[in-house]
Structure formats: C-alpha cells, structure tokens
Amino acid sequence: MPFELAHVWEWFAQLNRKRQNGMAVNPIASTEILAWQARHGIAIEPFEHQLLDQLDALFLSHQHAVG
Numbered sequence: 019m020p021f022e023l024a025h026v027w028e029w030f031a032q033l034n035r036k037r038q039n040g041m042a043v044n045p046i047a048s049t050e051i052l053a054w055q056a057r058h059g060i061a062i063e064p065f066e067h068q069l070l071d072q073l074d075a076l077f078l079s080h081q082h083a084v085g
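Sequential numbering from 19 applies to the sequence shown in my numbering.
Between beta-carbon pairs, the in silico distance windows are: (1) Ser79 with Glu28: 16 to 24 Å; (2) Met19 with Met41: 27 to 35 Å; (3) Val84 with Gly59: 33 to 41 Å.
Hints listed in this document are in silico derivations from the structure and should not be mistaken for laboratory results.
Small disclaimer: the values here were computed from a predicted structure and weren't measured.
Here a beta-carbon is modelled for each residue, glycine too, at the ideal position from N, C-alpha and C.
Please construct the entire structure, taking both the sequences and the accompanying hints into account.
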C-alpha cells in the first residue's frame, strides 16, 4: 500500500476491531464509520470511504473463502 494511504489501512484496522458479528462476519456499517469519525474527530474524504469499502469487501471475501 502506498505510504500516502497508510492512514486508510490504520482506519480500517480500527474499524475492523469493532465489526459486528452474527452468524458470519458482517460488513462494517456506514453508521459505524460515521460514529467512528465523530468519536475521533476525523472527516473522511469520499475516496477514502470508497477505499474502506473496498478493503472491507476484500476482507469479507477472504473470510468467506477460509470460513
């Protein structure tokens, strides 16, 4: 990952630790991202939100493949 985007990876790692689980791993909800932004005083740019969604999709794909 480019150094310039390392902060998005860190954000994903933080959000991933708060992920909801049911019968399987659930996607990170937009409400969770909004709450996380408010709690940390961070305003995520639209492209950063898209990156978080893409990282989440990759994570879920991997979880379902190995699960």
